[in-house]
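2 protein chains.
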Amino acid sequence: MTDFTATKAMFNLPVGMVYLDGNSLGPLPKAAPARVADMLTKEWGEMLITSWNLSGWMVQPMVLGDRIAGLIGAEPGHVALGDTLSIKVYQALAAALDLRPDRRVILSDSGNFPTDLYMAQGLIRTLDKGHELRVVAPEDIKDAITDDVAVVMLTEADYRTGRLHDMADLTTKAHNVGALTIWDLAHTAGAIPVDVAGCNADFAVGCTYKYLNGGPGAPAFIYVSPRHSETINPVLSGWQGHESPFAFDLAYDPAVGVERMRVGTPSVIQMAALETALDVWDMADMTDVRARSIKLTDLFITEIEAACPMLTLASPRDGTKRGSQVSFQFKHGYAAMQAIIAEGVIGDFRAPDLLRFGFAPLYIDETDVHTAVKRITRVMTEKLWDRPDYKIRKTVT
Amino acid sequence: MTDFTATKAMFNLPVGMVYLDGNSLGPLPKAAPARVADMLTKEWGEMLITSWNLSGWMVQPMVLGDRIAGLIGAEPGHVALGDTLSIKVYQALAAALDLRPDRRVILSDSGNFPTDLYMAQGLIRTLDKGHELRVVAPEDIKDAITDDVAVVMLTEADYRTGRLHDMADLTTKAHNVGALTIWDLAHTAGAIPVDVAGCNADFAVGCTYKYLNGGPGAPAFIYVSPRHSETINPVLSGWQGHESPFAFDLAYDPAVGVERMRVGTPSVIQMAALETALDVWDMADMTDVRARSIKLTDLFITEIEAACPMLTLASPRDGTKRGSQVSFQFKHGYAAMQAIIAEGVIGDFRAPDLLRFGFAPLYIDETDVHTAVKRITRVMTEKLWDRPDYKIRKTVT
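These protein sequence lines map, in sequence, to chains A and B. Going by our numbering, the first residue of the first sequence is number 1219, and it counts up by one from there. Going by our numbering, the first residue of the second sequence is number 1219, and it counts up by one from there.
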């Protein structure tokens, strides 16, 4: 059993604040400042360039990649860290289209995070071969997987509502019509049990600064199925993905497996912080995390619906169909979220009218849910968001 | 006049070590650990997501970009930070080729850093329109700028020998035949005065972890001339380069100017470290830096040639044609560099036979040159690299 009191104690959580925004930026692991300071003063300051070997900087993207592999059901050695999620989307999509040269359709949904769609738009323009980005409503995605589709590119959990796609089912459907899949795990890695290998996913990408708590600007990750990792030809063919980066050959020769998806120099300082976040994950079992997540979000929904009838649930009511977040619709959502934040509950507003709250079981407990509900209820019932005499506090007390 | 005693005092330089490898990884600014600790504990730890606005994380890539603009002669507002140099090369090259749709030749030289060539190879394959990467010897580059060339893509200083290309002259020649230029400043930003605007460069890219001392994994930068920045259509069209990233539109709409070259979430922790490195640059005048660089490298060449006749100068003898590094050829270069490092002089070996030494005037002085020469001389004259009885020290004392 995961000891969630112990995991919560590993994070810096500002006094008085209920932080329900770990689905945007996870909190600081208490161990991060000391680890980063050590990295800076010893590894960089004293050891300088020798740290590329002696401190393991060069292999870190694969070493940490393996730790993330364990959280998303990937085969060891098939996850590489680096760059940003946008870049990883581009790499995965280019590789996938390259594997389906006779097809022209990229299928996605309107619930996908916009940067995934933007990167697809940029790639399509670059390829200039008449590819189509076909965007359908999330609920229509399964029917839209037809045999002209090259790649199904989806974010597993909708960033606004938390609605989950069924990775196993949609991947099977895609494969049945000869399409490949790219799964964006931004809102599921560290939030729900993910099994990319078990689902036969072809590619998966994600970020490490949300539920994984790696810090602002933490590197992204990419998974390539062993079925494809030796055959894909990287479009972003950088020297860190070269078979022998220090041979300084003039011609690109891809490294073995997913390591070819590395591009440039890894962000070593960011990785030191991420390392401490992954240490907390070593204390957690994802099945426990998921059970607690459903319990907390169910509780939140029940209590908010009882106390705040003016809010309309925008997330799936069935916990198994929902990521680790809950969203409510409210016409004056933007103003309401400002007041909720001022009352010490940190959530996010998402246009046009969503109040979004993330529940990260590693550091959110039932007491936090009760406190959050109490504060949100005060904002909503007293209409604090609409009272000109209400002074928004500048700091959380 | 720049006070180089003061700038040297700003860096952590391991006792007993002469660090002549700042052209690979600059040393730790003493202010970096405290600044990063503050960023971690206060900005991330306490302020959490509010720091995107309140701590300026969101605008940091442009704010720090402006500080780099001052070091490379760029117009304010026309440099953006982010990603890695490889990614920035890809972006610049794709944009440049897009501006010359009727041409098919990318011209570069065999002295370019391999990743620039690799990224070009990947882009050419993606475009699949018969582009040619034409690689000539560095000394042949000017004659090779012909009217079939779309883009001249060069690194200003050769990473092995430090040989400089004439940016103004080659850019003029390129423009005369209707070609564009991309200048990789990896080995010149912070090493010599660079004037991208004065030279009419079209694009420039560079890294910040060498002479700029931003730390391992520090973000890259990209400059786009105001002539092009409003017309280019980014191929890596990520949400941070969107006109309104938080509108979450489904269609990409490029931000104003060079900010459209931003892609994903910036590496905030890396930027905090880089900030302290740029503070040191505020104390320096690039003309002084260049004068001192030439003086130090001239001195090093003179003394080494006098003491070590077995070494053959591989860098230009004329200081004005040389970056801030000196390389010598030696048949047993790899073994020799191991022994030199063991003696406390940190340089680099570059295949097949180069001993490479970087001189960063911000923290290297004449005493360092004398010490380095003395130690190198001992290695060479006593053939320490070839003595099985010579025990390489594990730590520098």
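Treat the hints with caution; some may be incorrect.
Because identical chains cannot be distinguished in the list, a pair is counted as satisfied if it fits within a single copy or across any two copies.
Result set (DSBU-like, lysine-lysine): computed pairs, CA atoms no more than 30 Å apart in a straight line [said to hold, decoys possible]:
(1) K1347 to K1549
(2) K1601 to K1513
(3) K1601 to K1226
(4) K1226 to K1360
(5) K1539 to K1226
(6) K1391 to K1592
(7) K1260 to K1592
(8) K1513 to K1592
(9) K1248 to K1391
(10) K1391 to K1601
Please keep in mind that the hints were generated in silico from the structure rather than gathered at the bench.
Okay, the hints, checked on the actual structure:
Within a single copy, K1347 and K1549 get their C-alpha atoms no closer than 43 Å, and across copies no closer than 50 Å, so neither meets the 30 Å cut-off. Taking the shortest Cα distances, K1601 and K1513 sit within 30 Å of each other inside one copy (28 Å), while across copies they are farther apart (71 Å). With identical chains, the CA atoms of K1601 and K1226 are never at most 30 Å apart, being 32 Å at best within one copy and 59 Å at best between copies. When the C-alpha separation of K1226 and K1360 is checked against a cutoff of 30 Å, the pair qualifies neither within a copy, at 38 Å, nor between copies, at 63 Å.
Within a single copy, K1539 and K1226 get their C-alpha atoms as close as 26 Å, which meets the 30 Å cut-off; across copies the closest is 59 Å, which misses it. Proximity of K1391 to K1592 under the C-alpha cut-off of 30 Å is found in neither arrangement, the shortest distances being 44 Å within a copy and 70 Å between copies. For a Cα distance limit of 30 Å, the shortest separation of K1260 from K1592 across copies, 27 Å, qualifies, whereas the shortest one inside one copy, 47 Å, does not. For a Cα distance limit of 30 Å, the shortest separation of K1513 from K1592 inside one copy, 18 Å, qualifies, whereas the shortest one across copies, 70 Å, does not.
Proximity of K1248 to K1391 under the C-alpha cut-off of 30 Å is found in neither arrangement, the shortest distances being 43 Å within a copy and 56 Å between copies. Taking CA atoms no more than 30 Å apart as the test, K1391 paired with K1601 passes in neither setting, with 47 Å inside one copy and 68 Å between copies.
In the structure shown, a violation is registered for the earlier hints numbered 1, 3, 4, 6, 9 and 10, in ascending order.
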